[in-house]
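Colleague: Make a model of the complete structure from these sequences and hints.
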Amino acid sequence: MGLIEMTTNFIHQQASHCESGVMSAIVRHYGLPCSEPMAFGLASALAFAYLPFIRIYSLPLVSYRMPPRAIIRGLQKPLGFKMRAETFRRPEDGARRLDELLDAGKVVGLQVSVFWLPFMPKDFRFHFNAHNLLAYGRECGRECGCECGCDASGDYLLSDPVMEEPVRCAPADLTKARFARGMLAPKGLLYYPASAPREPDWGQVLPAAIKKTVRVMLHTPLPLIGVKGIGWVARAFQRLPVATDPQASKLYMGHLVRMQEEIGTGGGGFRFMYAAFLEEAAQLTHRPAFAELAEELTGIGDYWREFALAAARMIRDRDPLDAGRLAELLRAQAVREKAFFTALGKAARS
Amino acid sequence: MNVEEVPQEGNITLEGHRKGVYARDAEGHLGLVASRGWEAEEIVTRQAVEMFDALTATARERVYAGQGSPLEYHMYRARMDIPLLAQASGVWQWRVRRHLRPEVFRKLPLALRARYAKALGLTPAQLDEPDGLD
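In order, the protein sequence lines correspond to chains A and B. Just add 71 to the spot in the first sequence (first one is 1) and you have the numbering used here. Just add 668 to the spot in the second sequence (first one is 1) and you have the numbering used here.
Any given hint could be a false lead.
Said to hold, decoys possible - Below, simulated BS3-like cross-link-like pairs (lysine-lysine); rule was C-alpha separation at most 25 Å, straight line:
id	chain 1	residue 1	chain 2	residue 2
1	A	299	A	409
2	A	258	B	786
3	A	299	A	283
4	A	283	A	258
5	A	193	B	775
6	A	153	A	193
7	A	177	A	148
8	A	417	A	299
9	B	775	A	247
Hints listed in this document are in silico derivations from the structure and should not be mistaken for laboratory results.
Modeller: Here is the structure:
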């Protein structure tokens, strides 16, 4: 297939999370219908992790999902295809390889830093290195000498799944974003499928993926991961220096809410997205139990939103600053999620 | 969350963009809905942005008062802190901390300046100017 054909063939579709959005778009592009929640759930990407020894702006790492690249790796086995990933030591090599792949008509996933992307709203541009987007073409630069009416810019045509429309980005900016340094440095990571995904036996892969998520949430030997991790965050909230340093306490609370709502989780720290996945799973496996659990998880997501609103109101001094109350809300969430994932495990086994 | 509950509050941090959230439609199915933003998100995002804006403003005053180096100003302006700048430039944290002192910064060799400038997305000349480029 030629370049033009491929680029016009690519269909941008907005998603709520970058990695699941990119991977579902790749799978769709190579012929298998796949929604974002399906990519997310099938890769068992839902989780909870509280890692106080990893600091971001001197605040602890809290995540509502599995670490970056989990979805890229996790879809290979259930969908029976291989992804190829390449990183580069030198930015020039990375840029050249991307051009090569695009010219060959590939759709290429890229890991980038949000900070250096000019098309992002300014308030979102923090140094988060594990953002993902797709490159599906490029305009040739002036020097290429081809016949396509070259007052073209050399811009890359990108599909950033969290944006409503496809975007473009100048080569220098994209290279800077791909080779940002620091924690989770992308090192120019690009990835593309080496073979086409196949329709799996849903009755087998879906329960397996769900069981894995249940295992992570309930039975990880570390207390910081899964349902127990929520309890640890609650304890950390309880210990916040609310009286002596309200500003620092508020930053801590705001940080948690950002991780849960703001960074493209589809709301409720990915819980709504996972519920959408369970709904699809119920249909594909003809197990109505999953649909009932989807309903329940939507309710849990609503409680997460309530927690976010309560914290935000305290940050803006609309409610008195009361970390104890937020800790209570978190503990209640831990209890709810424990019951939910126990039930989900049962439903997946039966 | 039901579709009609999806916040459309015109969050300023989104700059007119819409983001996708999952919500339940009238038939009870979950799907992606475009949201113009939610108050809670706006509050926490602005909180983080304002923290850096405040640090940047203080750093600028410190430069003019002769107490801080322009590097400090540019670091906060690029929404970095010392560990981040150290990682981005490949200079050890204790050295970065030292370079934030004005008398040390003044004598900084060109090569180091270039390294900081590159990490911050500036030209070496801009590194000396404690003024916004916005």
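Colleague: Taking 25 Å as the top limit, are the C-alpha atoms of residue 258 of chain A and residue 786 of chain B close enough?
Modeller: Given that 25 Å is the threshold and the Cα spacing comes to 16 Å, the pair holds.
Colleague: Verify the proposed pairing of residue 193 of chain A with residue 775 of chain B, using a straight-line Cα cut of 25 Å.
Modeller: violated (34 Å)
Colleague: Hinted pair, alpha-carbon criterion (25 Å max): residue 153 of chain A, residue 193 of chain A. Please report holds or violated.
Modeller: At roughly 36 Å apart (the allowed maximum being 25 Å), residue 193 of chain A and residue 153 of chain A break the hint.
Colleague: Can the restraint linking residue 283 of chain A and residue 258 of chain A be considered satisfied, given a maximum Cα separation of 25 Å?
Modeller: violated (29 Å)
Colleague: Does the structure keep residue 775 of chain B and residue 247 of chain A at a Cα separation of 25 Å or less?
Modeller: With a Cα-Cα distance of about 28 Å, the restraint between residue 775 of chain B and residue 247 of chain A is violated, given a limit of 25 Å.
Colleague: Holds or violated: residue 417 of chain A and residue 299 of chain A, Cα atoms, limit 25 Å.
Modeller: holds (19 Å)
Colleague: Quickly compare the C-alpha distance for residue 177 of chain A and residue 148 of chain A to 25 Å and report which way the hint goes.
Modeller: holds (21 Å)
Colleague: Does residue 409 of chain A lie within 25 Å of residue 299 of chain A when you go C-alpha to C-alpha?
Modeller: Within the cut-off at roughly 9 Å; holds.
Colleague: For the pair supplied as a hint, residue 299 of chain A and residue 283 of chain A, is the alpha-carbon distance within the 25 Å limit?
Modeller: holds (16 Å)
The structure fails to meet hints 4, 5, 6 and 9 from the earlier list, while all remaining hints are met.
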